[in-house]
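Trainee: Given next are the chains, with one letter for each unit.
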Amino acid sequence: MVMVAKWSTAMSDLELVQGMARRDTQAFTAFYDRHASTVFSLLCRLLGDRSEAEDALQDTFWQVWRQAGAHDPSRGSGIAWLIQIARSRGLDRLRQVTLRTRRAGDPLDELADRLSTGTTTDQDAIRHETQDSVHQALVTLPSEQREAVMLAFFEGLTHPEIAERLGAPLGTVKTRIRLGMRKLQESLRATGVAE
Amino acid sequence: MTAQGCERFEDLCLLTAAGSATPDEERALSAHLVEGCAACEGAQRELGETAARLAQALPPIAPPPLVKDRLMEAIGREKGVRPFRSLVAPVIPSRIIPRLAWPWAAGWGFAAVLGILLVWNSDVHRKVVARQTAELETLHLALAQKEEALRLIEAKHTQTVRLTGLDPSPKAFGRIFWNPEANAGLLFAFDLPPLPEGKVYQLWAIQGAAPVDAGIFTPDQRGVGSLRVKALPEPAKTVGVFAITIEPAGGSRQPTGSMYLKGSSVLL
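If you read the sequences in order, they're chains Z and S.
Counting with this note's numbering, you get residues 1 to 195 for the letters of the first sequence.
Counting with this note's numbering, you get residues 1001 to 1268 for the letters of the second sequence.
There's no promise every hint is true.
[Stated by the list, open to error] In silico contact screen, one side only, chain Z against chain S (beta carbon under 10 Å); selected entries: (1) Ala10; (2) Ala137; (3) Leu151; (4) Lys174.
Hints in this document: simulated from the structure, not taken from any laboratory.
Think of the CB as a built atom: it goes at the ideal place given N, C-alpha and C, for glycine as much as any other residue.
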């Protein structure tokens, strides 16, 4: 228990990934406990189906466990690596399965509904801080840029698909996404949340 | 942000990080990065961090404990198996490169070309191995899930509940393998009518008079649906009936739509 607590709170993501590379199941447990709810939320949003999201979550963390030894920290942090895998597995599943339904809610509304319970750990505090910063960054984006970024990131649509969905020219959609991502990056840099 | 002449790839970095790049564009960016453009690689890394923060902004949703249980079980089974990552080509230590007897200039030139080739080949190889590894892992996982299903079906206390189609879908039928001791089950349903937009099928376990949510699912184009039955809050209570209704996306707390399939929980 002492070791689990140590893994859970004291270790960085990078240290946990290195632990997994050494086939340490406690490191995997700590990494899973720290990030599974974030990844599951993303997959629920992407797939619009809880059962599919559960399977994609399992695929994601299985790949994390199997490929931890191949993670290159110079190419990105542990969470960036994890989210990249999660989106990839989610999109694979989205292509494989014909999902007839998607959640209709606006992701921005969901962000507003984020957890209001008291902070219990340092990780929770960091997560809440990140949520606030990203929420603020998204709110300040022009609505058409925000919509384009949201459709790409959370709905898994390519820019031709977004152009079709919005009835906007392809070039316009690409510009909105580019500008939106760039502004998002600048805002997060300014708040110290991202590099 | 990126080097001169890389404007197109800077755009692709932004589109890829947002997740909107087409497969062709992703391939073009990968090919560019393989060429060793440090500026674009840096841009992609930074944008990857931004994308990760975007994901972290969603309100977290706790996954069901079953997912972690399955993963830990699979990891337990895997222990001792040679990890796939060991298939990645090992880095060749510099000391084993033979000493060259050629003139210095030619020697350095050869070493430089060799170095570039090694880095390029290693990167390409790494990507190929990573893709193949992911495919193998998907197969492993599929196999593990099938094994899990078989174990449940073969378990001593597992009951088979036959579901028959009701008025809205008389041709539909299904089967639930339900194990009250393990509080786990599997549903397979066939010939289900296509769902209206914004709807899902929802399974209910009726314990006494109270229907309990047992999970939602969407069938495929053939009308075939499957579901891992959700663990019930009070598994000790007998499930008298399983029923399937159509509900709004995301499911309902109580049944609101028509009943499409129904079956009594009798040991067969």
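Trainee: Each hint: holds or not?
Mentor: Hint by hint, here is what the structure shows:
The criterion of a C-beta within 10 Å of any C-beta in chain S is not met by alanine 10 (chain Z), whose closest approach is roughly 20 Å, and the hint is violated. Of the supplied interface hints, the one on alanine 137 (chain Z) holds, with its beta-carbon coming within about 8 Å of a beta-carbon of chain S, less than 10 Å. Interface restraint check: leucine 151 (chain Z) against chain S, minimum CB-CB distance 8 Å, threshold 10 Å, status holds. Against a cut-off of 10 Å between C-beta atoms, the interface hint on lysine 174 (chain Z) holds, since the closest Cβ of chain S lies about 7 Å away.
Hint 1 from the list above is the single one not met by this structure.
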